[in-house]
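Chemist: Sequence:
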Amino acid sequence: MVDHRKDVVMVEVAAERGKQSSSRISEEGAGWACAQTGTFAQLRPDRRGFSWLNLGTLWRSRNEILAGLFGDPSGQVRARWVEAQEARGIDQEFRIKPPVGGDFTFLLLGDTGEGDASQYSVVPGLLKIGEKTSFAVIASDVIYPTGSGNEYGDKFFRPYQGYDAPIYAIPGNHDWYDGLGGFMRVFCDAPQLKPKPDRGLRGVLWRKPETIDEAALAEARKLRGRTSQQAGPPAAQPGPYWVIESDSLLIVGVDTGIRNEIDRAQTEWLRRVSRDPRPKILVTGKPIYTGNEYKPSRLEDGGTIDDIVRDPAHRYVAAIGGDVHNYQRYPVRLDDGRVIQYVVTGGGGAFMHATHIIDRVDVAGVHEDGFRCYPLRGDSLSFYSQLYAKRLRMRWLYLTPSEAACIMSERIRNEPVRTMAGPVRITRRMRWAARLLGAWPWPLRLPVDKVFHRFLSELSDWDTPPFFKQFLHVTVTSDALTLRCFGATGCLAQELEPPLEDEVRIPLTV
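Just so you know, full-length UniProt numbering puts 416 at position 416 of the sequence shown, and the rest follows in order with no gaps.
Calculated directly from the structure, the hints in this document are not laboratory data.
All the given hints hold, so there is nothing to weed out.
Lysine to aspartate or glutamate pairs mimicking EDC-like chemistry, simulated, CA-CA at most 20 Å apart:
no., residue 1, residue 2
1, K208, D72
2, K19, D502
3, K196, E210
4, K128, E503
5, K132, E497
Full structure from sequences and hints, please.
Modeler: The following block contains the structure:
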(Lines of atoms letter the chains of each structure in order from A and count residues from 1; the text may use other names and numbers.)
(Lines give C-alpha, C1' and ligand atoms only; values in the text may rest on other atoms or scores of the structure.)
Protein backbone atom coordinates (compact mmCIF):
# COMPACT_ATOMS: atom_id res chain seq x y z
CA MET A 1 0.00 0.00 0.00
CA VAL A 2 1.14 3.57 -0.70
CA ASP A 3 1.26 6.10 2.17
CA HIS A 4 -0.60 9.16 0.86
CA ARG A 5 -0.38 11.32 3.98
CA LYS A 6 2.30 13.62 2.51
CA ASP A 7 0.28 13.93 -0.70
CA VAL A 8 -2.81 14.87 1.32
CA VAL A 9 -0.85 17.65 3.03
CA MET A 10 0.34 18.96 -0.35
CA VAL A 11 -3.23 19.13 -1.63
CA GLU A 12 -4.36 20.91 1.53
CA VAL A 13 -1.67 23.55 0.96
CA ALA A 14 -2.81 23.95 -2.66
CA ALA A 15 -6.40 24.22 -1.46
CA GLU A 16 -5.54 27.03 0.93
CA ARG A 17 -3.90 28.93 -1.91
CA GLY A 18 -6.84 28.15 -4.19
CA LYS A 19 -9.31 29.67 -1.72
CA GLN A 20 -7.65 33.06 -2.16
CA SER A 21 -7.71 32.92 -5.97
CA SER A 22 -11.25 31.68 -6.62
CA SER A 23 -14.22 33.31 -8.32
CA ARG A 24 -15.75 33.78 -4.88
CA ILE A 25 -12.98 36.26 -4.06
CA SER A 26 -12.39 38.26 -7.24
CA GLU A 27 -13.24 38.71 -10.91
CA GLU A 28 -9.62 37.81 -11.66
CA GLY A 29 -10.17 34.47 -9.94
CA ALA A 30 -13.15 33.87 -12.18
CA GLY A 31 -10.96 34.37 -15.24
CA TRP A 32 -12.43 37.67 -16.38
CA ALA A 33 -9.03 39.38 -16.34
CA CYS A 34 -7.29 36.74 -18.44
CA ALA A 35 -3.92 38.36 -19.02
CA GLN A 36 -2.49 35.23 -20.65
CA THR A 37 -4.10 32.13 -22.09
CA GLY A 38 -3.03 28.92 -20.40
CA THR A 39 -0.67 26.25 -21.67
CA PHE A 40 -3.64 23.99 -22.51
CA ALA A 41 -3.63 25.53 -25.99
CA GLN A 42 -0.39 23.66 -26.77
CA LEU A 43 -1.89 20.33 -25.67
CA ARG A 44 -4.66 20.29 -28.25
CA PRO A 45 -4.14 18.10 -31.33
CA ASP A 46 -5.33 20.79 -33.78
CA ARG A 47 -7.26 24.05 -33.97
CA ARG A 48 -10.44 22.67 -35.50
CA GLY A 49 -11.88 21.43 -32.25
CA PHE A 50 -15.39 20.20 -31.68
CA SER A 51 -18.57 22.13 -32.40
CA TRP A 52 -22.24 21.54 -31.78
CA LEU A 53 -22.98 24.22 -34.40
CA ASN A 54 -23.29 21.53 -37.01
CA LEU A 55 -26.45 19.78 -38.20
CA GLY A 56 -24.45 16.61 -38.82
CA THR A 57 -23.40 16.51 -35.16
CA LEU A 58 -26.99 16.91 -33.99
CA TRP A 59 -28.20 14.22 -36.41
CA ARG A 60 -25.59 11.79 -35.12
CA SER A 61 -27.02 12.39 -31.63
CA ARG A 62 -30.59 11.53 -32.66
CA ASN A 63 -30.83 8.39 -30.51
CA GLU A 64 -31.73 10.53 -27.47
CA ILE A 65 -34.92 11.69 -29.17
CA LEU A 66 -35.67 8.28 -30.65
CA ALA A 67 -35.34 6.64 -27.22
CA GLY A 68 -37.92 9.08 -25.88
CA LEU A 69 -40.32 8.42 -28.74
CA PHE A 70 -39.97 4.66 -29.21
CA GLY A 71 -38.41 3.39 -25.97
CA ASP A 72 -34.87 3.11 -24.65
CA PRO A 73 -33.16 -0.20 -25.55
CA SER A 74 -30.25 0.45 -23.17
CA GLY A 75 -31.44 -2.08 -20.59
CA GLN A 76 -31.60 -4.94 -23.09
CA VAL A 77 -28.25 -4.04 -24.67
CA ARG A 78 -26.63 -3.67 -21.23
CA ALA A 79 -27.83 -7.18 -20.36
CA ARG A 80 -26.08 -8.51 -23.45
CA TRP A 81 -22.85 -6.73 -22.54
CA VAL A 82 -22.99 -8.07 -18.98
CA GLU A 83 -23.70 -11.60 -20.21
CA ALA A 84 -20.74 -11.39 -22.58
CA GLN A 85 -18.47 -10.10 -19.80
CA GLU A 86 -19.55 -12.88 -17.43
CA ALA A 87 -18.78 -15.41 -20.16
CA ARG A 88 -15.26 -13.94 -20.25
CA GLY A 89 -14.90 -14.68 -16.52
CA ILE A 90 -15.17 -11.25 -14.91
CA ASP A 91 -15.98 -10.87 -11.23
CA GLN A 92 -19.76 -11.21 -11.18
CA GLU A 93 -20.01 -8.68 -8.35
CA PHE A 94 -18.25 -6.14 -10.61
CA ARG A 95 -15.62 -5.36 -7.99
CA ILE A 96 -12.53 -3.23 -8.61
CA LYS A 97 -9.78 -3.52 -6.01
CA PRO A 98 -7.06 -0.92 -6.59
CA PRO A 99 -3.98 -1.15 -4.32
CA VAL A 100 -5.08 1.47 -1.79
CA GLY A 101 -5.40 1.34 1.97
CA GLY A 102 -7.50 3.34 4.39
CA ASP A 103 -6.08 6.71 3.27
CA PHE A 104 -5.95 7.66 -0.41
CA THR A 105 -6.94 10.35 -2.92
CA PHE A 106 -8.63 10.29 -6.30
CA LEU A 107 -10.06 12.60 -8.96
CA LEU A 108 -13.65 12.72 -10.15
CA LEU A 109 -14.86 14.65 -13.19
CA GLY A 110 -17.79 14.41 -15.55
CA ASP A 111 -18.82 15.06 -19.16
CA THR A 112 -15.32 15.36 -20.53
CA GLY A 113 -15.06 14.29 -24.11
CA GLU A 114 -15.52 17.14 -26.58
CA GLY A 115 -11.85 17.06 -27.56
CA ASP A 116 -11.77 20.84 -27.90
CA ALA A 117 -10.44 23.81 -25.95
CA SER A 118 -12.95 23.50 -23.12
CA GLN A 119 -11.84 19.92 -22.39
CA TYR A 120 -8.12 20.59 -22.66
CA SER A 121 -8.40 23.68 -20.47
CA VAL A 122 -9.08 21.36 -17.50
CA VAL A 123 -5.93 19.28 -18.01
CA PRO A 124 -3.10 21.43 -16.56
CA GLY A 125 -4.87 22.07 -13.24
CA LEU A 126 -6.05 18.48 -13.07
CA LEU A 127 -2.49 17.18 -13.51
CA LYS A 128 -1.19 19.56 -10.85
CA ILE A 129 -3.83 18.86 -8.22
CA GLY A 130 -4.13 15.19 -9.20
CA GLU A 131 -0.46 14.35 -8.87
CA LYS A 132 -0.02 11.18 -6.77
CA THR A 133 -3.76 10.41 -6.72
CA SER A 134 -4.53 6.70 -6.88
CA PHE A 135 -7.00 6.83 -9.78
CA ALA A 136 -9.57 9.01 -11.52
CA VAL A 137 -13.25 8.44 -12.28
CA ILE A 138 -15.16 9.97 -15.20
CA ALA A 139 -18.86 10.28 -14.43
CA SER A 140 -20.87 10.37 -17.66
CA ASP A 141 -20.28 11.20 -21.33
CA VAL A 142 -16.67 10.20 -21.88
CA ILE A 143 -16.99 10.87 -25.62
CA TYR A 144 -19.18 13.37 -27.48
CA PRO A 145 -21.28 13.34 -29.54
CA THR A 146 -21.94 9.60 -29.91
CA GLY A 147 -19.41 7.65 -27.85
CA SER A 148 -17.60 6.34 -30.92
CA GLY A 149 -14.60 4.12 -30.26
CA ASN A 150 -12.84 5.90 -33.12
CA GLU A 151 -12.79 9.21 -31.24
CA TYR A 152 -11.02 8.15 -28.04
CA GLY A 153 -7.59 9.19 -29.31
CA ASP A 154 -8.03 12.97 -29.11
CA LYS A 155 -10.87 12.94 -26.56
CA PHE A 156 -9.50 10.54 -23.94
CA PHE A 157 -6.00 9.16 -24.45
CA ARG A 158 -4.33 12.39 -25.57
CA PRO A 159 -5.75 14.80 -22.96
CA TYR A 160 -4.99 12.44 -20.05
CA GLN A 161 -1.69 11.04 -21.29
CA GLY A 162 0.09 12.89 -18.47
CA TYR A 163 -2.13 11.52 -15.72
CA ASP A 164 -0.07 8.77 -14.13
CA ALA A 165 -2.80 6.52 -12.67
CA PRO A 166 -5.72 4.40 -13.92
CA ILE A 167 -8.97 6.00 -15.09
CA TYR A 168 -12.33 4.31 -14.58
CA ALA A 169 -15.62 5.54 -15.99
CA ILE A 170 -19.37 5.13 -16.06
CA PRO A 171 -21.15 5.84 -19.33
CA GLY A 172 -23.44 8.76 -20.02
CA ASN A 173 -26.27 9.00 -22.51
CA HIS A 174 -23.88 10.10 -25.29
CA ASP A 175 -21.70 7.01 -24.77
CA TRP A 176 -24.84 4.95 -25.33
CA TYR A 177 -25.53 6.47 -28.76
CA ASP A 178 -22.91 4.04 -30.09
CA GLY A 179 -24.52 1.09 -28.31
CA LEU A 180 -21.76 1.38 -25.67
CA GLY A 181 -19.36 -0.26 -28.13
CA GLY A 182 -16.58 2.31 -27.81
CA PHE A 183 -16.89 2.52 -24.03
CA MET A 184 -16.78 -1.24 -23.50
CA ARG A 185 -13.89 -1.68 -25.90
CA VAL A 186 -11.72 0.96 -24.22
CA PHE A 187 -12.52 0.51 -20.53
CA CYS A 188 -13.36 -3.21 -20.38
CA ASP A 189 -11.34 -4.51 -23.34
CA ALA A 190 -14.55 -6.17 -24.53
CA PRO A 191 -15.01 -7.37 -28.12
CA GLN A 192 -17.87 -5.89 -30.09
CA LEU A 193 -21.33 -7.42 -29.70
CA LYS A 194 -22.84 -9.17 -32.66
CA PRO A 195 -25.57 -7.01 -34.23
CA LYS A 196 -29.12 -7.86 -33.20
CA PRO A 197 -31.99 -6.71 -35.46
CA ASP A 198 -34.31 -4.06 -34.02
CA ARG A 199 -37.54 -4.14 -36.00
CA GLY A 200 -39.90 -1.23 -36.36
CA LEU A 201 -39.39 2.47 -36.95
CA ARG A 202 -36.85 2.78 -34.15
CA GLY A 203 -34.69 0.15 -35.83
CA VAL A 204 -34.86 2.02 -39.13
CA LEU A 205 -33.92 5.42 -37.71
CA TRP A 206 -31.60 4.32 -34.89
CA ARG A 207 -27.96 5.23 -35.35
CA LYS A 208 -25.96 1.99 -35.57
CA PRO A 209 -22.63 1.44 -33.74
CA GLU A 210 -19.48 2.27 -35.69
CA THR A 211 -16.92 -0.35 -36.58
CA ILE A 212 -13.83 0.43 -34.52
CA ASP A 213 -10.51 0.89 -36.31
CA GLU A 214 -8.49 -1.44 -34.11
CA ALA A 215 -5.11 -0.33 -35.46
CA ALA A 216 -5.89 3.33 -34.73
CA LEU A 217 -7.18 2.45 -31.27
CA ALA A 218 -4.03 0.47 -30.49
CA GLU A 219 -1.95 3.47 -31.53
CA ALA A 220 -4.05 5.78 -29.35
CA ARG A 221 -3.64 3.48 -26.34
CA LYS A 222 0.13 4.07 -26.46
CA LEU A 223 -0.51 7.62 -25.23
CA ARG A 224 -1.55 6.09 -21.90
CA GLY A 225 0.62 3.05 -22.15
CA ARG A 226 2.65 3.23 -18.94
CA THR A 227 2.14 0.41 -16.46
CA SER A 228 1.08 2.90 -13.78
CA GLN A 229 -1.80 4.05 -16.01
CA GLN A 230 -3.27 0.63 -16.61
CA ALA A 231 -6.34 -0.65 -14.79
CA GLY A 232 -4.98 -4.17 -15.03
CA PRO A 233 -5.75 -7.20 -12.89
CA PRO A 234 -6.97 -7.20 -10.21
CA ALA A 235 -8.26 -3.67 -10.82
CA ALA A 236 -9.63 -3.97 -14.37
CA GLN A 237 -13.01 -2.39 -15.00
CA PRO A 238 -15.48 -5.28 -15.30
CA GLY A 239 -18.43 -3.53 -16.96
CA PRO A 240 -20.48 -0.34 -17.32
CA TYR A 241 -21.29 -0.41 -13.61
CA TRP A 242 -18.91 -1.40 -10.79
CA VAL A 243 -17.83 -0.91 -7.19
CA ILE A 244 -14.35 0.31 -6.22
CA GLU A 245 -13.42 -1.18 -2.86
CA SER A 246 -11.13 0.23 -0.19
CA ASP A 247 -10.78 -0.32 3.56
CA SER A 248 -12.59 2.93 4.38
CA LEU A 249 -15.04 3.48 1.52
CA LEU A 250 -16.92 1.94 -1.38
CA ILE A 251 -17.32 3.97 -4.58
CA VAL A 252 -20.39 2.62 -6.36
CA GLY A 253 -20.75 3.49 -10.06
CA VAL A 254 -24.08 2.96 -11.84
CA ASP A 255 -25.06 3.10 -15.50
CA THR A 256 -28.21 5.14 -16.18
CA GLY A 257 -28.38 4.51 -19.93
CA ILE A 258 -30.04 7.02 -22.22
CA ARG A 259 -33.31 7.67 -20.38
CA ASN A 260 -32.18 7.57 -16.75
CA GLU A 261 -33.55 4.15 -15.85
CA ILE A 262 -31.70 1.33 -14.11
CA ASP A 263 -32.55 -2.18 -15.26
CA ARG A 264 -33.64 -4.96 -12.92
CA ALA A 265 -30.35 -6.92 -12.92
CA GLN A 266 -28.31 -3.81 -12.14
CA THR A 267 -30.78 -2.86 -9.41
CA GLU A 268 -30.42 -6.27 -7.77
CA TRP A 269 -26.62 -5.91 -7.90
CA LEU A 270 -26.86 -2.38 -6.45
CA ARG A 271 -28.96 -3.61 -3.54
CA ARG A 272 -26.42 -6.36 -2.80
CA VAL A 273 -23.47 -3.98 -2.94
CA SER A 274 -25.27 -1.43 -0.77
CA ARG A 275 -25.66 -3.93 2.06
CA ASP A 276 -21.89 -3.89 2.62
CA PRO A 277 -21.30 -2.21 6.02
CA ARG A 278 -18.66 0.23 4.78
CA PRO A 279 -19.56 3.89 4.00
CA LYS A 280 -20.28 4.64 0.35
CA ILE A 281 -20.54 7.29 -2.30
CA LEU A 282 -22.66 6.84 -5.40
CA VAL A 283 -21.31 7.92 -8.79
CA THR A 284 -24.03 8.18 -11.41
CA GLY A 285 -24.51 9.42 -14.94
CA LYS A 286 -27.54 11.47 -13.87
CA PRO A 287 -27.57 13.68 -10.76
CA ILE A 288 -30.32 13.17 -8.19
CA TYR A 289 -30.67 16.88 -7.40
CA THR A 290 -29.99 19.52 -10.05
CA GLY A 291 -31.30 22.96 -10.85
CA ASN A 292 -33.26 23.08 -7.58
CA GLU A 293 -35.19 19.98 -8.67
CA TYR A 294 -35.32 16.34 -7.58
CA LYS A 295 -34.63 13.92 -10.46
CA PRO A 296 -33.68 10.48 -9.12
CA SER A 297 -33.10 7.63 -11.56
CA ARG A 298 -36.02 5.25 -11.91
CA LEU A 299 -35.58 1.59 -11.03
CA GLU A 300 -37.13 -0.84 -13.49
CA ASP A 301 -38.67 -2.86 -10.66
CA GLY A 302 -40.18 0.23 -9.00
CA GLY A 303 -39.03 3.12 -6.86
CA THR A 304 -35.94 5.25 -7.43
CA ILE A 305 -32.24 5.00 -6.81
CA ASP A 306 -32.58 7.52 -4.00
CA ASP A 307 -34.58 4.96 -2.02
CA ILE A 308 -31.38 2.91 -1.89
CA VAL A 309 -29.16 5.91 -1.19
CA ARG A 310 -31.27 7.14 1.74
CA ASP A 311 -31.63 3.78 3.47
CA PRO A 312 -29.62 4.23 6.72
CA ALA A 313 -28.44 0.62 6.58
CA HIS A 314 -26.60 1.37 3.33
CA ARG A 315 -24.48 4.22 4.74
CA TYR A 316 -24.29 6.46 1.67
CA VAL A 317 -22.70 9.81 2.49
CA ALA A 318 -22.74 11.37 -1.01
CA ALA A 319 -24.31 10.91 -4.44
CA ILE A 320 -22.33 12.49 -7.28
CA GLY A 321 -23.60 12.74 -10.84
CA GLY A 322 -22.57 14.14 -14.20
CA ASP A 323 -24.71 15.03 -17.26
CA VAL A 324 -25.35 18.67 -16.25
CA HIS A 325 -22.31 20.71 -17.26
CA ASN A 326 -21.58 22.71 -14.12
CA TYR A 327 -21.03 22.17 -10.39
CA GLN A 328 -23.79 22.12 -7.78
CA ARG A 329 -23.93 20.82 -4.21
CA TYR A 330 -27.02 20.19 -2.09
CA PRO A 331 -26.45 19.11 1.57
CA VAL A 332 -29.72 17.27 2.27
CA ARG A 333 -30.53 16.59 5.93
CA LEU A 334 -32.72 13.51 6.37
CA ASP A 335 -35.33 12.96 9.06
CA ASP A 336 -32.93 10.84 11.11
CA GLY A 337 -30.37 13.65 11.24
CA ARG A 338 -27.95 12.29 8.65
CA VAL A 339 -26.70 14.62 5.90
CA ILE A 340 -26.11 13.31 2.36
CA GLN A 341 -24.19 15.53 -0.02
CA TYR A 342 -25.85 15.49 -3.45
CA VAL A 343 -23.37 16.81 -6.00
CA VAL A 344 -23.38 17.67 -9.71
CA THR A 345 -19.93 17.50 -11.30
CA GLY A 346 -20.38 17.84 -15.05
CA GLY A 347 -17.85 20.56 -15.76
CA GLY A 348 -15.02 18.30 -16.93
CA GLY A 349 -14.85 19.49 -20.52
CA ALA A 350 -18.17 20.01 -22.31
CA PHE A 351 -19.87 23.37 -22.94
CA MET A 352 -21.21 25.06 -19.82
CA HIS A 353 -24.81 24.76 -18.72
CA ALA A 354 -25.95 28.04 -17.19
CA THR A 355 -26.31 28.36 -13.43
CA HIS A 356 -28.10 31.72 -13.47
CA ILE A 357 -31.35 29.94 -14.39
CA ILE A 358 -31.34 28.13 -11.02
CA ASP A 359 -33.98 29.70 -8.78
CA ARG A 360 -33.43 30.54 -5.14
CA VAL A 361 -32.80 27.09 -3.69
CA ASP A 362 -35.52 25.59 -1.50
CA VAL A 363 -35.50 21.88 -2.36
CA ALA A 364 -35.48 19.04 0.18
CA GLY A 365 -34.87 21.40 3.06
CA VAL A 366 -31.75 22.86 1.42
CA HIS A 367 -31.78 26.65 1.48
CA GLU A 368 -29.82 29.15 -0.54
CA ASP A 369 -27.15 29.67 2.12
CA GLY A 370 -26.30 25.96 2.10
CA PHE A 371 -26.25 25.61 -1.69
CA ARG A 372 -23.06 25.93 -3.74
CA CYS A 373 -22.58 26.23 -7.47
CA TYR A 374 -19.84 26.97 -9.99
CA PRO A 375 -19.82 29.10 -12.00
CA LEU A 376 -21.45 31.65 -9.74
CA ARG A 377 -24.82 32.74 -11.09
CA GLY A 378 -23.56 36.25 -11.85
CA ASP A 379 -20.60 34.91 -13.84
CA SER A 380 -22.92 32.59 -15.74
CA LEU A 381 -25.26 35.45 -16.64
CA SER A 382 -22.39 37.75 -17.63
CA PHE A 383 -20.81 35.16 -19.89
CA TYR A 384 -24.03 34.30 -21.70
CA SER A 385 -24.72 38.02 -22.13
CA GLN A 386 -21.30 38.44 -23.72
CA LEU A 387 -21.79 35.40 -25.91
CA TYR A 388 -25.12 36.52 -27.33
CA ALA A 389 -24.17 40.19 -27.54
CA LYS A 390 -21.44 39.13 -29.96
CA ARG A 391 -23.36 36.39 -31.73
CA LEU A 392 -26.48 38.47 -32.31
CA ARG A 393 -24.64 41.79 -32.65
CA MET A 394 -26.80 43.27 -29.90
CA ARG A 395 -24.33 45.16 -27.69
CA TRP A 396 -27.05 46.22 -25.26
CA LEU A 397 -27.35 42.59 -24.07
CA TYR A 398 -23.91 42.65 -22.49
CA LEU A 399 -23.74 42.73 -18.69
CA THR A 400 -20.44 43.17 -16.90
CA PRO A 401 -19.61 40.62 -14.20
CA SER A 402 -20.44 43.20 -11.51
CA GLU A 403 -23.74 44.15 -13.16
CA ALA A 404 -24.72 40.51 -13.57
CA ALA A 405 -23.79 39.71 -9.97
CA CYS A 406 -25.98 42.53 -8.68
CA ILE A 407 -28.90 41.50 -10.87
CA MET A 408 -28.64 37.91 -9.65
CA SER A 409 -28.40 39.12 -6.05
CA GLU A 410 -31.66 41.00 -6.57
CA ARG A 411 -33.22 38.00 -8.32
CA ILE A 412 -32.12 35.40 -5.73
CA ARG A 413 -32.50 37.78 -2.75
CA ASN A 414 -29.06 37.27 -1.25
CA GLU A 415 -25.85 39.21 -0.86
CA PRO A 416 -23.41 39.02 -3.80
CA VAL A 417 -20.97 36.17 -3.21
CA ARG A 418 -17.92 38.34 -3.88
CA THR A 419 -17.42 41.97 -2.94
CA MET A 420 -18.05 44.44 -5.77
CA ALA A 421 -15.27 46.84 -6.74
CA GLY A 422 -17.73 49.74 -6.62
CA PRO A 423 -21.44 50.61 -6.61
CA VAL A 424 -23.63 49.31 -9.45
CA ARG A 425 -26.87 50.97 -10.53
CA ILE A 426 -29.28 48.47 -12.06
CA THR A 427 -31.02 49.93 -15.10
CA ARG A 428 -34.05 48.97 -17.13
CA ARG A 429 -31.77 47.88 -20.00
CA MET A 430 -29.92 45.51 -17.69
CA ARG A 431 -33.15 43.94 -16.43
CA TRP A 432 -34.43 43.41 -19.97
CA ALA A 433 -31.15 41.77 -20.95
CA ALA A 434 -31.33 39.49 -17.90
CA ARG A 435 -34.91 38.48 -18.76
CA LEU A 436 -33.95 37.54 -22.32
CA LEU A 437 -31.03 35.53 -20.94
CA GLY A 438 -33.27 33.50 -18.62
CA ALA A 439 -32.50 35.09 -15.25
CA TRP A 440 -36.25 35.65 -14.75
CA PRO A 441 -39.15 33.52 -15.99
CA TRP A 442 -40.05 35.08 -19.33
CA PRO A 443 -41.86 33.79 -22.46
CA LEU A 444 -39.14 35.00 -24.86
CA ARG A 445 -35.69 33.69 -23.93
CA LEU A 446 -32.43 32.88 -25.62
CA PRO A 447 -31.09 29.26 -25.53
CA VAL A 448 -29.83 29.11 -21.95
CA ASP A 449 -32.82 28.09 -19.83
CA LYS A 450 -34.81 24.97 -19.02
CA VAL A 451 -36.99 25.07 -22.14
CA PHE A 452 -33.96 25.03 -24.45
CA HIS A 453 -31.63 23.06 -22.19
CA ARG A 454 -32.25 19.67 -23.74
CA PHE A 455 -32.12 20.47 -27.44
CA LEU A 456 -30.55 23.88 -28.08
CA SER A 457 -28.12 24.73 -25.28
CA GLU A 458 -25.40 22.99 -27.32
CA LEU A 459 -25.61 25.99 -29.65
CA SER A 460 -24.07 28.04 -26.85
CA ASP A 461 -20.71 26.25 -27.12
CA TRP A 462 -17.54 28.40 -27.20
CA ASP A 463 -13.77 27.94 -27.44
CA THR A 464 -12.27 30.96 -25.65
CA PRO A 465 -11.59 31.61 -21.93
CA PRO A 466 -13.02 31.82 -19.37
CA PHE A 467 -14.49 28.31 -19.60
CA PHE A 468 -15.74 27.82 -16.01
CA LYS A 469 -14.80 24.12 -16.02
CA GLN A 470 -14.20 22.09 -12.87
CA PHE A 471 -13.13 18.77 -11.39
CA LEU A 472 -13.23 17.17 -7.94
CA HIS A 473 -10.31 16.09 -5.78
CA VAL A 474 -11.40 13.57 -3.14
CA THR A 475 -9.39 12.75 -0.01
CA VAL A 476 -10.34 9.58 1.86
CA THR A 477 -9.15 8.79 5.37
CA SER A 478 -10.37 6.27 7.90
CA ASP A 479 -12.72 8.79 9.48
CA ALA A 480 -13.59 11.38 6.81
CA LEU A 481 -14.12 12.13 3.13
CA THR A 482 -13.16 15.59 1.83
CA LEU A 483 -14.57 16.81 -1.49
CA ARG A 484 -12.84 19.77 -3.13
CA CYS A 485 -14.07 21.42 -6.32
CA PHE A 486 -11.30 23.10 -8.31
CA GLY A 487 -12.08 25.45 -11.18
CA ALA A 488 -10.43 25.71 -14.59
CA THR A 489 -10.82 28.89 -16.62
CA GLY A 490 -8.32 28.42 -19.44
CA CYS A 491 -6.22 31.32 -18.08
CA LEU A 492 -2.58 30.80 -17.10
CA ALA A 493 -3.09 32.25 -13.63
CA GLN A 494 -5.65 29.57 -12.78
CA GLU A 495 -3.45 26.83 -14.24
CA LEU A 496 -0.63 27.87 -11.89
CA GLU A 497 -2.96 28.19 -8.88
CA PRO A 498 -6.13 26.17 -9.51
CA PRO A 499 -8.94 28.02 -7.71
CA LEU A 500 -10.77 26.17 -4.96
CA GLU A 501 -14.47 26.86 -5.55
CA ASP A 502 -15.98 24.60 -2.87
CA GLU A 503 -14.90 22.27 -0.09
CA VAL A 504 -16.81 19.99 2.26
CA ARG A 505 -15.64 17.47 4.86
CA ILE A 506 -17.92 14.45 5.34
CA PRO A 507 -17.52 12.23 8.44
CA LEU A 508 -17.34 8.50 7.71
CA THR A 509 -17.71 7.29 11.27
CA VAL A 510 -21.14 6.60 12.77
